[in-house]
Amino acid sequence: MDFGKTWNEVLDRVKTWARLNSPWVIHFNSGSCNGCDIEILATLTPRYDVERFGIKLQGSPRHADVLICTGPVTLQARDRLLRVYEQMPEPKFVIAVGSCAISGGAFQGCYNVVGHVDEVIPVDVYVPGCPPRPEAIIDGVVKLLGKLQPAKQPPQEEIV
Amino acid sequence: MDVLKTLFILLIFPGGLFVLANGMVYEWADRKLVARLQNRVGPRWFQPLADLLKLLAKEEVVPESVNARLFVWLPIVALAGVLTGALYLPIAGLQPSYSFSGDLIVAVYLFSMLTLCTGIAGANTNNRFSLVGATRTLTQLFSYEAPFLLAMLGPAVAAGSWKISDIMAYSSTHPVILLQPVGFVIALIGLMGKLEMRPFDAPEAETEIVAGALTEYSGRGLALFYLGRYAELIAGLTLMSAFYLGGIHNQLDYIVKTLVLLLALAGVQTLMTRLRIDQIVGLWWRYGTLLVLLQWLVTLLLKGMVL
Ligand code: SF4
Numbered sequence: 512m513d514f515g516k517t518w519n520e521v522l523d524r525v526k527t528w529a530r531l532n533s534p535w536v537i538h539f540n541s542g543s544c545n546g547c548d549i550e551i552l553a554t555l556t557p558r559y560d561v562e563r564f565g566i567k568l569q570g571s572p573r574h575a576d577v578l579i580c581t582g583p584v585t586l587q588a589r590d591r592l593l594r595v596y597e598q599m600p601e602p603k604f605v606i607a608v609g610s611c612a613i614s615g616g617a618f619q620g621c622y623n624v625v626g627h628v629d630e631v632i633p634v635d636v637y638v639p640g641c642p643p644r645p646e647a648i649i650d651g652v653v654k655l656l657g658k659l660q661p662a663k664q665p666p667q668e669e670i671v
Numbered sequence: 385m386d387v388l389k390t391l392f393i394l395l396i397f398p399g400g401l402f403v404l405a406n407g408m409v410y411e412w413a414d415r416k417l418v419a420r421l422q423n424r425v426g427p428r429w430f431q432p433l434a435d436l437l438k439l440l441a442k443e444e445v446v447p448e449s450v451n452a453r454l455f456v457w458l459p460i461v462a463l464a465g466v467l468t469g470a471l472y473l474p475i476a477g478l479q480p481s482y483s484f485s486g487d488l489i490v491a492v493y494l495f496s497m498l499t500l501c502t503g504i505a506g507a508n509t510n511n512r513f514s515l516v517g518a519t520r521t522l523t524q525l526f527s528y529e530a531p532f533l534l535a536m537l538g539p540a541v542a543a544g545s546w547k548i549s550d551i552m553a554y555s556s557t558h559p560v561i562l563l564q565p566v567g568f569v570i571a572l573i574g575l576m577g578k579l580e581m582r583p584f585d586a587p588e589a590e591t592e593i594v595a596g597a598l599t600e601y602s603g604r605g606l607a608l609f610y611l612g613r614y615a616e617l618i619a620g621l622t623l624m625s626a627f628y629l630g631g632i633h634n635q636l637d638y639i640v641k642t643l644v645l646l647l648a649l650a651g652v653q654t655l656m657t658r659l660r661i662d663q664i665v666g667l668w669w670r671y672g673t674l675l676v677l678l679q680w681l682v683t684l685l686l687k688g689m690v691l
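Residue numbers (the working numbering), protein chains in the order written: chain B, 512 to 671; chain Z, 385 to 691.
Rather than coming from a laboratory, the hints here were simulated on the basis of the structure. All values derive from a computational prediction rather than experimental measurement. One thing to keep in mind: the hints can contain errors.
What the hints assert, rightly or not - To spell it out: a stretch of chain Z is covered by chain B in this simulated footprint if at least three of its residues, at any positions, have a beta carbon under 8 Å from a beta carbon of chain B; those stretches are:
# : segment
1 : 422-431
2 : 441-453
3 : 601-612
Unchecked claim - Every beta carbon over 12 Å from chain Z, so not counted as near; a handful from chain B, in silico:
# : residue
4 : F514
5 : L531
6 : C544
7 : L586
8 : E646
Note that CB positions come from ideal geometry on N, CA and C, so glycine has one too.
With the rest of the complex left out, here is chain B (with noise of 0.2 Å):
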């Protein structure tokens, strides 16, 4: 009994080790004035060079980790996005990047939108800015992998 725990504790810390070292990630704009989309490009450009910390760009749903979404949801892009984040496979998280995937941001109360990103999907990091410079997104993703590292979490019973 006590060795099936520490091999699933071991398991465990390798499996959030390759998580945190690897996170590939899908872009999706869901209705964004492309401000934010151009920032995503300059942050995969090599000056800001993400291979560093293992973050790639991947072309199918089915091979990332992170959806990075920017813009706000319009009506035609949510059965789109929906469908891009449903085609992830688990363990799968969002950024949402610009002000407008926050809140809506400029084209809030449009007759085409739906609203922010986080009516449609839950979203685990958000990046304010209009749009959020290369070296903020970069941040985000680092907060995100923040996040799924279990000591920097607050104690279970804090949040209760």
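Chain B is fixed; fit chain Z with the ligand onto it per the hints.
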């Protein structure tokens, strides 16, 4: 004892785990070299290991409308094929674990299993990107396979044997790379085609067709396909240095020769952009095959004159 020894050879060293670990190190070296050539910092040394463990720990989605059994077994068959082929090679400067006359052909065909399985895996799913990827994978397979095999058989013809250890003995005494320079270049480029490295990565062009034939794979299946590719990198480099770079005699020899080849591969990857699939087919059939056949002619003539 014999059973244990065989199992050890098959699963741990020099087959199985050793090839995989070695493959991961070389994959990292390749990515790091490309990154340095592009003026980046590049990934950390454990990156392929972390990617692999993460993929193994992820959920595996088996999509509807695929043949589930095929979907699950294809990556296993692909990996097993490459690892079996690696048993006939002088991995890490050791004698091949197994050998018989004609093992070169068997090994080269076992290395094609990976590409073939990738193609079938793409065709198995009902996803349009996978289908396009599978078509491209198989088209590319048919275009580079013939010249690659011919280029690998060049030293075999010169040595007069189809056994890997005999050819290696021949290449240790003859400067094969000077006698058959065309064959060397074509084998090297063919290896890049096999590994779907940059100028030949049309089958998985992520800007056009998401991730090619492997679009629908997640978790374990994807990890096994990646492992197959790492093992194939090792196998290809070993085969090339054994045939063209004067054979592999000890561990240092192995490391130096394979790393020199890897540096060449990284250089080409950095310099070139992706070729279209029709350009790839044209390149191989119009130039590659003809040049290699010419090389054969020269080799045979030389051999006839010397004998
Ligand atoms: S946050 Fe700014 S840059 Fe980003 S989508 Fe909204 S308006 Fe455009």
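Each hint, compared with the structure:
1. 422-431: With 9 residues close enough to chain B, the hint holds.
2. 441-453: Our answer is that it holds, as 5 residues pass the Cβ test (under 8 Å) against chain B, meeting three.
3. 601-612: holds (count 4)
4. F514: holds, 21 Å
5. L531: L531/B is in fact no farther than 12 Å from some Cβ atom of chain Z, at 8 Å.
6. C544: Given that every Cβ of chain Z is farther than 12 Å from that of C544/B, nearest at about 22 Å, it holds.
7. L586: At roughly 25 Å from the nearest Cβ of chain Z, L586/B sits farther out than 12 Å, so the non-interface label holds.
8. E646: holds, 16 Å
In summary, the one numbered hint that this structure violates is 5.
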